[in-house]
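*Asks:* Please put together the full structure from these sequences, using the hints given.
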Amino acid sequence: MIVGIGLDLVKIDRIRAIAERWQTRFLDRLYTEAERRYCLARPEPYASFAGRFAAKEAVLKALGTGWTNGISWHDIQVLNDRAGRPRATVSGRVKTLMNRAGVTTIHVSLSHDTDYAVAEVVLTKES
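Going by the numbering used here, the sequence shown wraps up at 182, each residue one higher than the last.
Source of the hints: derived by calculation from the structure; they are not laboratory data. Any given hint might turn out to be false.
Cross-link-like lysine to any residue pairs, in silico, SDA-like; alpha carbons within 25 Å at most [what the hints assert, rightly or not]: (1) Lys180 - Val145; (2) Lys180 - Met56; (3) Lys116 - Pro98; (4) Lys66 - Gly119; (5) Lys180 - Thr151; (6) Lys150 - Gly59.
Here are the simulated distance ranges between beta carbons [to be verified]: (7) Thr79 - Ala156: 31 to 37 Å; (8) Arg142 - Ile57: 17 to 23 Å; (9) Ser182 - Arg97: 33 to 39 Å; (10) His162 - Trp77: 16 to 22 Å; (11) Arg84 - Ile60: 36 to 42 Å.
Even glycine gets a Cβ: it sits at the ideal position worked out from N, Cα and C.
*Replies:* Dropping the structure here:
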C-alpha cells in the first residue's frame with residue numbers, strides 16, 4: 056500500500072555553485088561521509104550530489120513533513136547497492152516518523168541529464 060509519493064528536481068549547477076562557494080562546509084552538512092565518498096568518485100560528482108539532494112527532498116515530500124521537527128540532512132542517506140540501484144536508508148527523526156506511518160519500504164529512482172537531476176520516492180507499507 057502506498058503511504059506517499061515525492062518528486063524533486065534540482066539544477067545541477069545550483070549544487071555545483073553552492074559547493075564551490077562553501078566547499079566542505081556545505082558537503083559535510085548535507086551528505087554523509089559515505090555519500091560524499093561515492094559522489095566524489097563519480098565522473099560527474101555534482102550530478103550525483105544533486106540526485107541525492109533531490110532524493111532527500113523527495114523522501115520528506117513523500118512523508119509529508121518537510122525539514123521540520125529536528126530533521127537532519129544526515130537522517131536520510133542515499134547510496135547505490137551492488138547492482139547500481141539507489142537505496143535510501145533513514146535514521147533519527149525521519150526513522151521515527153516513518154515507523155509511526157508504518158512505512159516498510161522506500162523506493163527510490165534517480166536520473167540526471169546535463170542540467171538537472173530528478174528523484175522520485177514512493178513509500179509503501181504492508182497492507
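*Asks:* Look at each hint and say if it fits the structure.
*Replies:* Status of each hint after checking the structure:
no.	hint	verdict
1	Lys180 - Val145	holds, 15 Å
2	Lys180 - Met56	holds, 5 Å
3	Lys116 - Pro98	violated, 29 Å
4	Lys66 - Gly119	holds, 23 Å
5	Lys180 - Thr151	holds, 15 Å
6	Lys150 - Gly59	holds, 15 Å
7	Thr79 - Ala156: 31 to 37 Å	holds, 34 Å
8	Arg142 - Ile57: 17 to 23 Å	holds, 18 Å
9	Ser182 - Arg97: 33 to 39 Å	holds, 37 Å
10	His162 - Trp77: 16 to 22 Å	violated, 31 Å
11	Arg84 - Ile60: 36 to 42 Å	violated, 27 Å
Hint compliance for this structure: hints 3, 10, 11 are broken, all remaining hints hold.
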